[in-house]
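**Q** Each chain, letter by letter, is given below.
Number of protein chains: 2
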Amino acid sequence: MRIGYIGIGIMGGAMAGRLLEAGHTLFIYNRTPTKCQALADRGATVCANPADVACRSEVVFISVPDTQDVASVLFDPDGIIDGAEPGLIVVDTSTISPAATRQFARRLKDLEIELLDAPVSGGDIGAKDGTLAIMVGGDTLAFQKVLPLLQVLGSKVRLVGPAGAGQTCKAINQLFSGLHMLACCEGIALARKTGLNPSVVIDMISAGAGGSWVLKNLGPKIVSGDMEPGFMIDLLCKDLKYTMELAQQTGQPLVGGSLIQQLFSEAQQMGLGRSGTQALYKVIEQLGQSLDTGESE
Amino acid sequence: MRIGYIGIGIMGGAMAGRLLEAGHTLFIYNRTPTKCQALADRGATVCANPADVACRSEVVFISVPDTQDVASVLFDPDGIIDGAEPGLIVVDTSTISPAATRQFARRLKDLEIELLDAPVSGGDIGAKDGTLAIMVGGDTLAFQKVLPLLQVLGSKVRLVGPAGAGQTCKAINQLFSGLHMLACCEGIALARKTGLNPSVVIDMISAGAGGSWVLKNLGPKIVSGDMEPGFMIDLLCKDLKYTMELAQQTGQPLVGGSLIQQLFSEAQQMGLGRSGTQALYKVIEQLGQSLDTGESE
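Residue numbers (our numbering), protein chains in the order written: chain A, 26 to 322; chain B, 26 to 322.
Errors might be hidden in some of the hints.
Identical copies look the same in the list; a pair holds intra-copy or inter-copy alike.
Said to hold, decoys possible - In silico EDC-like cross-links for lysine to aspartate or glutamate, where the CA-CA straight-line distance does not exceed 20 Å:
no., residue 1, residue 2
1, Lys218, Glu270
2, Lys181, Asp228
3, Lys181, Asp135
4, Lys307, Asp251
5, Lys134, Asp103
6, Lys266, Asp94
7, Lys134, Asp107
8, Lys241, Asp149
9, Lys218, Asp91
10, Lys181, Asp66
The set of hints was computed from the structure by calculation and includes no laboratory data.
Start from the sequences and build out the full structure, keeping to the hints where you can.
**A** In structure tokens:
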């Protein structure tokens, strides 16, 4: 199939690479063109702009940072709508605003273009291995057409509802990730303060009813002081903004969601925005250190 | 081996049953004697009081609700110390105060009795199947002596530190369980408010970086409205009291821990103390309903 891919970053690059490997013809575009080189060397065609990608493709994937970037790729001069023929399917794997996604989908529908929101969970490793969870919102028929492509990228792919539902599901996913990280940071901080070996505590708790993906995969990084991203705090803060937007729009207060939004925002204030989400530990640890200082005064 | 078991409730009964099945000679005691009948029918000897259990046993297990109950079993007239010979090992599988556990251990040591704190995670199913996680605090030699017995009860058994360390580890475990439950309740409430199918959301999130034991095992119960305990809110509130005690004693504030303590306490106020921990959902749901009411005024 002739597939377009716009946004060749860590995630987009890995996912585009899998589609190429599966035998598809790839047309790619990235704002910073140098990032296209590796895929070009493997046979992908580098295009001048999103319109150029769209006019050569049956399906166009987008993997960019935020809502404004998706809007720009779709609607700016030389954007997708400038090159698209009716019948094009756009698959947006970015994590962006559910409300904006619904607007984008309506606007594209008027041009006979289908937009599927298809945010992913599972990180750069999942993108390389094709083991992502992909939560899709949009039209059933369009979903069925691109499903074989999504199954190249993910091991768990489901249509979860109409336009925006994929983004909503992802926003809920991030609520889990953030609260699990809070548990992880407070648990390890308390283990250390009480003189327990935090690695032993992680081992025991992972074996029982306190276990989580975050504890098992990121807990050991906290213990070893490895704050490299996996997934950056800046991105989680962006995502939690959409979670809290949904809370407000639907009248469902999220006291836990609000707490983690504040704490991850504090991590950004401390200059940890480009660290992995496990760097929340430094915020939690500092709370304990502040008290120590208080006692010794 | 001649083994005593004091506290034949849901957990204690299941664990004592496994020890009996493994071929040991069992001496049992329960405050409400009728609960001993099933084990007596299988060959256990029912004793008149804890002292009577202790004088016939090499190892005595305790499974009672809280700190005061353990103190009573150990030190009241006709308690364990009234019947114990030097060399007895007491294994307390109850979840109680870490600080009190250290005091009890010191007091027993003076009488040449070893106390191991050995709280468990994994619920009544884990107790029946022998798949509990058992977090042990205390003397290494005493641990090694009872390890073969603990391995009849649990699939994950570790000495995590000196006296009280098992209770500390369990208190940290409950911090994870409580925060994971909060994520679960807020996630499902938000899924419903946004019109998503909560079962689909659970399925998607469990497959990725938002997954947890709580979501997988208790999330579906929330969706179906099944609030039967597994593990009661009253007991989790008792456990979180010890978690927050550790926070205060060590100078490590737990903002997440404090939040869940408040929310589960609110659940008790709503009369949900004897429901399963998943009944926290009713507190979270009510927050959303209050806002609805506010809008319609």
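**Q** For each hint given before, does the structure comply? Return the numbers of the non-compliant ones in rising order.
**A** 3, 9, 10
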